[in-house]
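**Student:** For reference, the chains in residue letters:
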Amino acid sequence: MAPDAPAGTEAEAEAEPEAPPPPTLHGVPLSESRGQDVAHPDRSQYFELIRTLKDEGFVMCVDLCGVDHLLKPNRPLPDGVTAERFEVVVNLLSLAERRRVRVRVQVPEGDARVPSIYQFHPGTEAMERETYDMFGILFDGHPDLSRILMPDDWEGHPLRKDYGIGRIPVQFKHPGGDR
Amino acid sequence: MTQTVETHVPVPAVDSSVGPVSLTGGVEALRDPAAVLRIPHLPEDVDEVPLRNPDGDDTMIINMGPQHPSTHGVLRVMMELKGETVLRSKPVIGYLHTGMEKTGEDLTYLQGPTNTTRMDYVSPMFNELVFSLATEKLLDLEVPERATWIRMLMCELNRMSSQVLWLATNGMDLGAVSMMIYGFRERESILAFFEKTTGLRMNHNYIRPGGVAVDLPAGWRDDVLRICDVFPGRLDEYETLLTGQPIWQERTQGVGIITADECVALGVTGPILRSTGVEWDLRRDAPYLFYDKVDFNVVVGTYGDTFDRYAIRLNEIRESINIVRQIVDKMPPGDYRAQDKKVTPPPRGRIDESMEALIHHFKIFTEGFKVPEGEVYVAIESPRGELGCYMVSDGSSKPYRMHIRGPSFVNLQALAHMIRGGLLADAVAIISTVDPIMGEVDR
Numbered sequence: 001m002a003p004d005a006p007a008g009t010e011a012e013a014e015a016e017p018e019a020p021p022p023p024t025l026h027g028v029p030l031s032e033s034r035g036q037d038v039a040h041p042d043r044s045q046y047f048e049l050i051r052t053l054k055d056e057g058f059v060m061c062v063d064l065c066g067v068d069h070l071l072k073p074n075r076p077l078p079d080g081v082t083a084e085r086f087e088v089v090v091n092l093l094s095l096a097e098r099r100r101v102r103v104r105v106q107v108p109e110g111d112a113r114v115p116s117i118y119q120f121h122p123g124t125e126a127m128e129r130e131t132y133d134m135f136g137i138l139f140d141g142h143p144d145l146s147r148i149l150m151p152d153d154w155e156g157h158p159l160r161k162d163y164g165i166g167r168i169p170v171q172f173k174h175p176g177g178d179r
Numbered sequence: 001m002t003q004t005v006e007t008h009v010p011v012p013a014v015d016s017s018v019g020p021v022s023l024t025g026g027v028e029a030l031r032d033p034a035a036v037l038r039i040p041h042l043p044e045d046v047d048e049v050p051l052r053n054p055d056g057d058d059t060m061i062i063n064m065g066p067q068h069p070s071t072h073g074v075l076r077v078m079m080e081l082k083g084e085t086v087l088r089s090k091p092v093i094g095y096l097h098t099g100m101e102k103t104g105e106d107l108t109y110l111q112g113p114t115n116t117t118r119m120d121y122v123s124p125m126f127n128e129l130v131f132s133l134a135t136e137k138l139l140d141l142e143v144p145e146r147a148t149w150i151r152m153l154m155c156e157l158n159r160m161s162s163q164v165l166w167l168a169t170n171g172m173d174l175g176a177v178s179m180m181i182y183g184f185r186e187r188e189s190i191l192a193f194f195e196k197t198t199g200l201r202m203n204h205n206y207i208r209p210g211g212v213a214v215d216l217p218a219g220w221r222d223d224v225l226r227i228c229d230v231f232p233g234r235l236d237e238y239e240t241l242l243t244g245q246p247i248w249q250e251r252t253q254g255v256g257i258i259t260a261d262e263c264v265a266l267g268v269t270g271p272i273l274r275s276t277g278v279e280w281d282l283r284r285d286a287p288y289l290f291y292d293k294v295d296f297n298v299v300v301g302t303y304g305d306t307f308d309r310y311a312i313r314l315n316e317i318r319e320s321i322n323i324v325r326q327i328v329d330k331m332p333p334g335d336y337r338a339q340d341k342k343v344t345p346p347p348r349g350r351i352d353e354s355m356e357a358l359i360h361h362f363k364i365f366t367e368g369f370k371v372p373e374g375e376v377y378v379a380i381e382s383p384r385g386e387l388g389c390y391m392v393s394d395g396s397s398k399p400y401r402m403h404i405r406g407p408s409f410v411n412l413q414a415l416a417h418m419i420r421g422g423l424l425a426d427a428v429a430i431i432s433t434v435d436p437i438m439g440e441v442d443r
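Chain order of the listed sequences is F and B. Position 139 of the first sequence, counted from 1, bears residue number 139 in our numbering, the numbering being contiguous throughout. Position 247 of the second sequence, counted from 1, bears residue number 247 in our numbering, the numbering being contiguous throughout.
Just chain B, same shape as in the assembly:
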């Protein structure tokens, strides 16, 4: 790499309410729109694509993936190489496309979270949340306070597990294999709590329209606080292991630089946008749930390189621990789901004694509840960026159209611009730093 950056310290947490003003967008904002490799469509009678450029220069097009350990799933990256330098590249996706948006049109609103939770399988709570928030906005349904706090608790824990999994896989990609083992170990402690609460390690279907599926289990406070007590020390160990280490710094600093203008032009959100110094976090800038009732910092970077994104994700875990502690303090007693008989199923005990409860239960689970006609877009901050749900209802019990705006899908477009001009070995670091979850990219 030709670009060098001075050794920088872990990114400080910045909390300022001034948003960016002078950002421009458009193709002009890109340093080089030609960074994206576009293979011209071949005539019908050509059977194979020549590996070498017929013009005689020594560039070569190779495919990395879809079966490659450092592509985080089934991502395929076409790269045009000159020696070891990547000239142009293009992510090719769709290998995990299972038509989840189409499936979503055939599931009732109560079944919907089972579908969306499988999109971003590393942070399933967020997918369930965005679907539920969109449904509730269409229903104009008020969710009890406790349910909202439980949702926040689960989401922040999920953010911690997602970011720590990213640390693990990113470490593995860059050769710090011990980090992978540690990261997975930490994640497991959170998944164990999820299993205790929801019954499943992943794909929980826990956050549903109207509230959450079940109340927190007995002793949840101790479990959560234990996680909060263990994590900070472990994060300090990771800092010792990675942050100050010369090899880690060489591999990450000045690699995969992207500017704020490019991020905005490409619609990139989340840690990648924040690594360029743009303070944009929907939890603070468009508060949903009760994020306006907790104190936390928005962590931003300076250089927009891989190291900044690493430092942001690491420090976001610390902020999440901070939020979780506040949630534990503020958790009110009360209902864990809305007491709207048309939306939430009656308690099990009522079904035995009340005919109406039995009818409601039957209706909700066979036919589903009807949602007024309308359309709505809801966005939340997932660990990867803005996770949005555009939902159109035609007044029936199934969404007429359910579109999920996956942050990985959009962020992946920044890949070609970040890789351009770098080394093939750095491409691995950059793919990892985008943190694409292919289930969400392909849906």
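Just chain F, with the same shape it has in the complex:
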């Protein structure tokens, strides 16, 4: 995909994450959140990372969702990761090793698109549609990227932070006549 994306073979060599230099997973910054492994690829590394992890045994993609960090631009991220407005969060599971790894991709607001991982994990079809529906993030290569929860003609993406919560305007009675 990208020039700096590591090929599968050389990535195997530096797979071990524990080291005094910043931990990495297949050349991607790795952090830990409450004891859970989180990888932070950029968009060009994302596709290859999912492929490599799948070959490594993370065969099931249990969850894929989006997060809108509009109100939280200064969140902690490992060095070398630029915070963007959106994040796509993928939870992978290795049944054999009983391990989980989470992949967080930063997605800029101006160009909100990431490659679809449908061809590795067909189960992400509905999840990517949901993320598109709720956040407006486009998934390149998805077979049927359409709204899934909201009506087809809905405008806006409800889980974005700048999308207001619906309120029913308070209707007062007629101000009253003679009194």
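Among the clues, some could well be false.
Subject to a maximum C-alpha distance of 30 Å in a straight line, what follows is the list of computed DSS-like cross-link-like pairs (lysine-lysine) [stated by the list, open to error]:
(1) Lys72/F - Lys82/B
(2) Lys161/F - Lys102/B
(3) Lys196/B - Lys72/F
(4) Lys72/F - Lys330/B
(5) Lys370/B - Lys137/B
(6) Lys293/B - Lys72/F
(7) Lys196/B - Lys161/F
Here chain F is said to cover these stretches of chain B; the calculated rule only asks that three of the stretch's residues, wherever they fall, bring their Cβ under 8 Å from a Cβ of chain F [claimed, not checked]:
(8) 230-237
(9) 293-299
(10) 368-379
(11) 408-420
Simulated from the structure, these hints should not be mistaken for laboratory data. Where a beta carbon is used, it is the ideal one built from N, C-alpha and C, also for glycine.
With the hints as your guide, set chain B onto chain F.
**Tutor:** Same frame as chain F, but now just chain B:
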């Protein structure tokens, strides 16, 4: 159906610690990715979709649902039929979407379970549990032992009521209407206990961050043991009613077959995955609560058909009874919620005599407690599969983002692959066997 399977006996309970190793995923794992019906987007000026294929062959696209008694709520399934055979299909969802994830961002952590409990309304305890576990993991809060055991007790009872409700509705879908009455009767005995404990039959808001809402009522042990005593005999009756019955076997065996590879590729978990022979149960493979302190079997199937999923759910009730009995034996005395003044409200009696207790009470219920910044994913085994909660906190008293990974939402994708090539009448059995709870699918 062309596929036939020999008559098989109820699925044996298998307990082995060897996980599956050689499963592959990806689109290649699907027998036929084209099983999903994709209607090409029509040009703007076309007003109506032609019912018949203009190419002249005799396939027809029909909609089943969203108002259909066997779609378990407001599920709509678009199906392309040739005669009575389903060629392609596609579940269409969203009719029950109420924006619960958005709502969750506007509720404090203490109010959160009232929201999540309404997602999977057949097994509300699990939704409350996964939300509470995620919050507690962010807080790094230790829950007292008794609270954890109470949570396990309620969850296993809820699993029994959920599976027995599935037996009931599945029986109704396949024409065994008496099963529906029996199933609902059994479920009611558990809901009566829930009502006694939590005050509500459903949507309990019982499991909360920090523990549970109230302690178990006096006499709970007798109530629970009575349920445990009644259930096994009733389950044997259902076996007599359904398992060996030729019509039931004809309707379920060899219907809706799915393979382990397909399940893994589609992210399908729970009884559907286990029906293909994959031993995967988060209670055993990633123990949470005290599931590592009780003995139970993981029930797996062989053929991955509707009958296997029926047998798994039936036998999981037996395993749950077994777990409940162990919990009753092991229930320790102690607190039912954590004694952290910033998280759990003070006892009612303290409020009258202590100014600090009054302040804490006021603070907790108006402002809520603050949760440190971070993000966490917690998964538990609900009756339908992996129920996950991805929670992002920004340090305030409300979740910044609360995403629930509903097992029904993901499992529903297997529907098109299971229906493909089957008969329309079998589609009813297969929809039922996925056990989708639309509140959780649409959230």
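**Student:** The structure should be examined with respect to each hint, and the outcome stated for every one.
**Tutor:** Structure-based check of each hint:
Simply put, Lys72/F and Lys82/B have alpha-carbon atoms about 53 Å apart, too far for the 30 Å limit, and the pair is violated. Taken as a hint, the Lys161/F and Lys102/B pair is honoured in the structure, with Cα atoms around 9 Å apart against an allowance of 30 Å. Simply put, Lys196/B and Lys72/F have alpha-carbon atoms about 43 Å apart, too far for the 30 Å limit, and the pair is violated. Between Lys72/F and Lys330/B the alpha-carbon distance is near 45 Å, which puts this suggested pair outside the 30 Å criterion.
With a C-alpha separation of about 13 Å, the suggested pair Lys370/B and Lys137/B falls inside the 30 Å cut-off, and the hint holds. Our distance criterion of 30 Å between C-alpha atoms is broken by Lys293/B and Lys72/F, whose separation comes to about 41 Å. Taking the CA atoms of Lys196/B and Lys161/F, the gap is about 40 Å. The hint is violated against a cut of 30 Å. Three residues within the 8 Å Cβ limit are the bar, and the stretch 230-237 of chain B against chain F gives 0, so the coverage statement is violated.
Counting residues of the stretch 293-299 of chain B whose C-beta lies closer than 8 Å to any C-beta of chain F gives 0; at least three are required, and the coverage claim is violated. Judged by the Cβ-Cβ criterion of 8 Å, the stretch 368-379 of chain B is covered by chain F as claimed, because 6 of its residues qualify and three suffice. Judged by the Cβ-Cβ criterion of 8 Å, the stretch 408-420 of chain B is covered by chain F as claimed, because 4 of its residues qualify and three suffice.
Violation of the numbered hints given earlier is confined to hints 1, 3, 4, 6, 7, 8, 9; the remaining hints are satisfied by the structure.
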